[in-house]
Amino acid sequence: MSGRHQSPSVIAGASGFLGRIDPRVKLSAAAAFLIVNLISRTPLAQVAIIALMGLLLLAGRTPYRRRLLLIAFPSTFAIFVVASQTVFHGGEVFASLGPFDLHRDGLFHGLFLSLRIIAGGMVIVVLGVSTPLHRLCLAMKWFRTPDIFVEVVLLTYRYIFDLRAQLLRMRDAQRTRLGWSSRGRGLASSRMLGGSLFLEVYERGLRSAEAMRCRGAGPVAAGSLPQLGRIDRWALMAAAALAAALAYLSLAGSF
Amino acid sequence: MHIPEGLLPLDQAAGWYVPAMAFLAAGLAKLKRLLKERPQARPLVGLMGAFVFVVSLMPVPVPGLGTVSHPCGTPLAAILLGPFSAVALGAVALLLQALFFAHGGISSWGANILSMAVGGSFVGFGVYWGARRLGAGLGIAAGLGGLAGDLVTYAITSFQLALALHGHESIGATWLAAFGSFMPTQIPLAIAELFFTSGVVVFVYRRRADLLSGEEMQS
Amino acid sequence: MIILEDIHFSYPGGAAALSGVSLEVPAGSFLALMGANGSGKSTLLKHINGLLEPQAGSVSVAGIGVGKKTFDEVNGIVGFVFQDPNDQIFAPTVLDDICYGPRNQGLSDNEALRRAQRAAAQVGIGDLLERPIHHLSYGQKKRLSIAGVLAMEPRVLVLDEPTASLDPRGEETLMRILLGLHRQGMTVVMATHDVDLVPLYAETACLLNRGTVATQGPLREVFRDPGLIGRCHLRLPRISYLFDMLPDLDELPLTVGMAQRKLEELLEDRESVRLTRRDEENVSRLTIDMREF
Amino acid sequence: MIILEDIHFSYPGGAAALSGVSLEVPAGSFLALMGANGSGKSTLLKHINGLLEPQAGSVSVAGIGVGKKTFDEVNGIVGFVFQDPNDQIFAPTVLDDICYGPRNQGLSDNEALRRAQRAAAQVGIGDLLERPIHHLSYGQKKRLSIAGVLAMEPRVLVLDEPTASLDPRGEETLMRILLGLHRQGMTVVMATHDVDLVPLYAETACLLNRGTVATQGPLREVFRDPGLIGRCHLRLPRISYLFDMLPDLDELPLTVGMAQRKLEELLEDRESVRLTRRDEENVSRLTIDMREF
Ligand SMILES: Nc1ncnc2c1ncn2[C@@H]1O[C@H](COP(=O)(O)OP(=O)(O)OP(=O)(O)O)[C@@H](O)[C@H]1O
Ligand SMILES: Nc1ncnc2c1ncn2[C@@H]1O[C@H](COP(=O)(O)OP(=O)(O)OP(=O)(O)O)[C@@H](O)[C@H]1O
Ligand SMILES: [Mg+2]
Ligand SMILES: [Mg+2]
Chain A
805 MSGRHQSPSV IAGASGFLGR IDPRVKLSAA AAFLIVNLIS RTPLAQVAII
855 ALMGLLLLAG RTPYRRRLLL IAFPSTFAIF VVASQTVFHG GEVFASLGPF
905 DLHRDGLFHG LFLSLRIIAG GMVIVVLGVS TPLHRLCLAM KWFRTPDIFV
955 EVVLLTYRYI FDLRAQLLRM RDAQRTRLGW SSRGRGLASS RMLGGSLFLE
1005 VYERGLRSAE AMRCRGAGPV AAGSLPQLGR IDRWALMAAA ALAAALAYLS
1055 LAGSF
Chain B
2 MHIPEGLLPL DQAAGWYVPA MAFLAAGLAK LKRLLKERPQ ARPLVGLMGA
52 FVFVVSLMPV PVPGLGTVSH PCGTPLAAIL LGPFSAVALG AVALLLQALF
102 FAHGGISSWG ANILSMAVGG SFVGFGVYWG ARRLGAGLGI AAGLGGLAGD
152 LVTYAITSFQ LALALHGHES IGATWLAAFG SFMPTQIPLA IAELFFTSGV
202 VVFVYRRRAD LLSGEEMQS
Chain C
280 MIILEDIHFS YPGGAAALSG VSLEVPAGSF LALMGANGSG KSTLLKHING
330 LLEPQAGSVS VAGIGVGKKT FDEVNGIVGF VFQDPNDQIF APTVLDDICY
380 GPRNQGLSDN EALRRAQRAA AQVGIGDLLE RPIHHLSYGQ KKRLSIAGVL
430 AMEPRVLVLD EPTASLDPRG EETLMRILLG LHRQGMTVVM ATHDVDLVPL
480 YAETACLLNR GTVATQGPLR EVFRDPGLIG RCHLRLPRIS YLFDMLPDLD
530 ELPLTVGMAQ RKLEELLEDR ESVRLTRRDE ENVSRLTIDM REF
Chain D
280 MIILEDIHFS YPGGAAALSG VSLEVPAGSF LALMGANGSG KSTLLKHING
330 LLEPQAGSVS VAGIGVGKKT FDEVNGIVGF VFQDPNDQIF APTVLDDICY
380 GPRNQGLSDN EALRRAQRAA AQVGIGDLLE RPIHHLSYGQ KKRLSIAGVL
430 AMEPRVLVLD EPTASLDPRG EETLMRILLG LHRQGMTVVM ATHDVDLVPL
480 YAETACLLNR GTVATQGPLR EVFRDPGLIG RCHLRLPRIS YLFDMLPDLD
530 ELPLTVGMAQ RKLEELLEDR ESVRLTRRDE ENVSRLTIDM REF
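Chains A, B, C and D are the protein sequences, given in the same order.
Using our numbering, the first residue of the first sequence is number 805, and each one after it goes up by one.
Using our numbering, the first residue of the second sequence is number 2, and each one after it goes up by one.
Using our numbering, the first residue of the third sequence is number 280, and each one after it goes up by one.
Using our numbering, the first residue of the fourth sequence is number 280, and each one after it goes up by one.
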């Protein structure tokens, strides 16, 4: 893993069709799909969710590679799950690999779980890509999430990018003075980096506290979402119907 | 490494949520009190949250492995900011990582809070505090805190994975297997966390002893 | 309107940052506060709105004694723009941030919104309202930080080195915004190092030197003593140095406009040199149009 | 010595920051890189020492191709001074910080110390070696950040807006340090907005406009096209605008020195105006002694 990550700021900007839907609707729909994903006993729901989310991602405007990168983590985990289930799950042995017996049930169960992981990951990716966090927070507030939590999330969000940029600048400064030219120096430099970052946090906190006092020191999580529009209601109904249908089909096991 | 969305069955996901939310509520109550007393400390809270987020994405060279990895950061945060605040901020960081990077998940959020935020913070801070009581130096105590917090995080994660994935095997055996299979990578990572945590705390102490001795930011 | 009387202030553990500063800023004036790095400019500005409280002496703004109790009242009158806009922006989007102050003043969401839109238009970021903060450039953040303060409708604007890190065009735009506000009656107090810029906009100036007032008054008078200015680690505007070689000059010009008039006088009876005083609309054959400059 | 060939670079997810920049900086020259906020100056500078890698094109320094593999080698040659010294200073004390680079170069403690003392003396902070860095003023931090780089004995110095937020005296001192190093043979590349300062020190200039080179070359030539400069959100030095009213001037002066010579020419046959060209030792009756200015 290298130090350079994709910048979250790139992902946070929303555009296109999904970006215009009310975040409350998207949050509810995402929750519904995540629950269906967890309770379904057949792979039908997962396959349907992956297909749907895939379509939504393709229709959106995030650059192509970024969309793929986002499901990299769930995908690696999915592979791990398939492998470990095949070995550990037990049941009928269909082959063996060195000291390990490979189990047929385990393989199927692992595949099923990995579908679930990818489907769940994609729901979250679609939600994250299409909704700026501050809008999501307004929706969370509407759903009666405690104010203090929303407040901390918003404040953290405000500073993540600044602090990350600062970290990268400071690390670049270390690199140009050869502070990362060997592993030992890198370790020593990383401590200076972490420490400097903490001191910066502290001092900037003091400076900003002054600035905040001048403007009243109230909560930043103010504001509210407008009423649902027509497109929002349609989207809500469509999502609800789809989730219900998937839940029914996958629970009834009639597939 | 956080547990991804979709891996835990619904009942287990919900089960992990219960204790996680209790700890989170305690941490939030702490922050709420801070903001009530000093409303202008809002930016500081946000910056600390961002600090936890950024530190857990910070590159740290791993001794022996020849790679660069990320520390959990929560033991460090707990030592610098106090364990309750570290839990709340860790939880926020986990949520944002899930939303931005699909790293972790929503239904697995509770489980991840419990392992990384709660386990890492409290065990890390506890070991640090205990070691200080026993007369260990600042660097050693902080390093041990980092090491313990890191290992505990993975022990809990392994247990959560074992519980979800054990199938026909016993939970204990799966847990050991999972924990054991993490070991070759996890031991060097924990050692990296040890050096990192110790180094940062000592560095902060050397540059601004007044900040570490000032108890105002501690738990 | 702003009256500082014999202010003393030391930071905890530090030497004195201000030792006996008295200053009077009449309503509607445009004051430049100048001085070397570390001379106490920022410290002085923070006394105007009560961010710091003097260890001796007193401050009053519009007749209100500045202190802990009157902090909110004073900050309704005085808008404070910090040097680094990143320190001053808290909310996740531009609109939220501009609304932050008005909301804390207890205004309704609608009224806050109306004011935010006006303030954003005033500083020229009316089209960025929905942007997340981290997508703004430095200059845009600077404007946002001013808009956030303007939306609170202050009568006094206090700015700490507002032009640092801006390019010439950005500097010019910002100064015109300030000049516009000043002409509408706003009192402007601005700390700065930029001696070439000050004579173009400010009416009065105050020079700080190690925590004391070296001199204050109308701009031309302040700039009359180059020795003093040098001791404050400042210098005259560059243009003044040009005319330094005319020893019998009674007053050195401080701006290009003044210098041009001087040059006209000197050359007036010369046949060989044709001077073109361009008309107001087309001041210069050099394309950036900065009137007095 | 520094050769950039057709560099293209975009930040992830952003628009192009550099689109096709070619630039050659001969060894021993003093180049000013100018351009508006966001025109790509910092991005370009970071290509010189490999902090950023071009998506197309190539960079070489002293014959070494800049890239991941040669990063350490190149950074032994190129000293990079960041705009904000706070980004660049980590160690608890001044001495520790200056020694950081030399130690990473693998030098012995003694040798690192020797170099640190020399570098500190060079920038005039030789008496602050034991200071904790959070007790330094901004100007002192700036000097420290340069000393930390000088101690690595680079052959090229790259600086990102080195004079921002310094007072005139500090600016002057810093620029003289750079000029001194330049005269000892160091190649200096400096990004800046300060158009009044550039003609006093730089020999060549490069103007960036939205990620492309608008023009480059010897300073006088670059400053010959006011239209272009305006489009880059810059302007000519203020002094030039004074002489703008003489329409038959073949070249506008860029510095006070040039303007004085011009004025002398204009006034040479006038009896009534006595000009004093002060001797080198006592250039000006205005006390700050800034030769050419
Ligand atoms: N928070 C602080 N703690 C201790 N000393 C301080 C603090 N802030 C400033 N000082 C000191 O007080 C003096 C005045 O500082 P101040 O920031 O007012 O200067 P300034 O004129 O604004 O300088 P600059 O042009 O660099 O912004 C300086 O000597 C400085 O070192
Ligand atoms: N880390 C980054 N991520 C994304 N975009 C960036 C980043 N840094 C700079 N940019 C963009 O790249 C362009 C060039 O930026 P750069 O910092 O090189 O400009 P600059 O000329 O140095 O400006 P300034 O005078 O403000 O320092 C700008 O449009 C800027 O918004
Ligand atoms: Mg200041
Ligand atoms: Mg730059």
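Some clues are possibly wrong.
[To be verified] One side only, chain D facing chain C, incomplete, derived with CB under 10 Å:
{"no.": "1", "residue": "I282"}
{"no.": "2", "residue": "G317"}
{"no.": "3", "residue": "G342"}
{"no.": "4", "residue": "I343"}
{"no.": "5", "residue": "G344"}
{"no.": "6", "residue": "H472"}
{"no.": "7", "residue": "E482"}
{"no.": "8", "residue": "R514"}
{"no.": "9", "residue": "F522"}
{"no.": "10", "residue": "E530"}
{"no.": "11", "residue": "T534"}
[Claimed, not checked] List time: in silico EDC-like cross-link candidates among lysine to aspartate or glutamate, alpha-carbon distance up to 16 Å:
{"no.": "12", "chain 1": "B", "residue 1": "K31", "chain 2": "A", "residue 2": "E1007"}
{"no.": "13", "chain 1": "C", "residue 1": "K420", "chain 2": "A", "residue 2": "D966"}
{"no.": "14", "chain 1": "C", "residue 1": "K347", "chain 2": "C", "residue 2": "E332"}
{"no.": "15", "chain 1": "B", "residue 1": "K33", "chain 2": "A", "residue 2": "D951"}
[Said to hold, decoys possible] Here are the in silico distance ranges between beta carbons for each label pair:
{"no.": "16", "chain 1": "B", "residue 1": "T68", "chain 2": "D", "residue 2": "Q463", "range": "50 to 56 Å"}
{"no.": "17", "chain 1": "B", "residue 1": "P64", "chain 2": "D", "residue 2": "D406", "range": "35 to 41 Å"}
{"no.": "18", "chain 1": "D", "residue 1": "A400", "chain 2": "C", "residue 2": "A295", "range": "26 to 32 Å"}
{"no.": "19", "chain 1": "A", "residue 1": "A1045", "chain 2": "B", "residue 2": "T186", "range": "41 to 47 Å"}
{"no.": "20", "chain 1": "D", "residue 1": "D504", "chain 2": "A", "residue 2": "D951", "range": "53 to 59 Å"}
{"no.": "21", "chain 1": "C", "residue 1": "K348", "chain 2": "B", "residue 2": "K37", "range": "42 to 48 Å"}
{"no.": "22", "chain 1": "A", "residue 1": "R1011", "chain 2": "D", "residue 2": "D406", "range": "25 to 31 Å"}
{"no.": "23", "chain 1": "A", "residue 1": "R845", "chain 2": "D", "residue 2": "G344", "range": "57 to 63 Å"}
Keep in mind the hints are simulated off the structure, nothing from the lab.
Fair warning: this is a prediction, and the values are worked out from it, not measured in the lab.
Cβ coordinates follow ideal geometry from the N, Cα and C atoms, glycine included.
Evaluation of the provided hints:
1. I282: Not OK, violated: I282 (chain D) not within 10 Å of chain C, min 27 Å.
2. G317: 5 Å, holds
3. G342: Because about 34 Å separates G342 (chain D) from the closest Cβ in chain C, which is outside the 10 Å limit, the hint is violated.
4. I343: 32 Å, violated
5. G344: 32 Å, violated
6. H472: 5 Å, holds
7. E482: Cβ of E482 (chain D) sits 20 Å from chain C, so the hint is violated.
8. R514: 5 Å, holds
9. F522: Holds, about 8 Å.
10. E530: 13 Å, violated
11. T534: 8 Å, holds
12. B:K31 x A:E1007: 21 Å, violated
13. C:K420 x A:D966: Since the Cα atoms of K420 (chain C) and D966 (chain A) sit roughly 13 Å apart, the hinted pair holds (cutoff 16 Å).
14. C:K347 x C:E332: 8 Å, holds
15. B:K33 x A:D951: 9 Å, holds
16. B:T68 x D:Q463: 50 to 56 Å: Hint violated: Cβ distance 43 Å, outside 50 to 56 Å.
17. B:P64 x D:D406: 35 to 41 Å: 40 Å, holds
18. D:A400 x C:A295: 26 to 32 Å: 30 Å, holds
19. A:A1045 x B:T186: 41 to 47 Å: 45 Å, holds
20. D:D504 x A:D951: 53 to 59 Å: 58 Å, holds
21. C:K348 x B:K37: 42 to 48 Å: 20 Å, violated
22. A:R1011 x D:D406: 25 to 31 Å: Once the Cβ atoms are compared, 29 Å apart, the range 25 to 31 Å for D406 (chain D) and R1011 (chain A) holds.
23. A:R845 x D:G344: 57 to 63 Å: Given about 59 Å between the Cβ atoms, the range holds.
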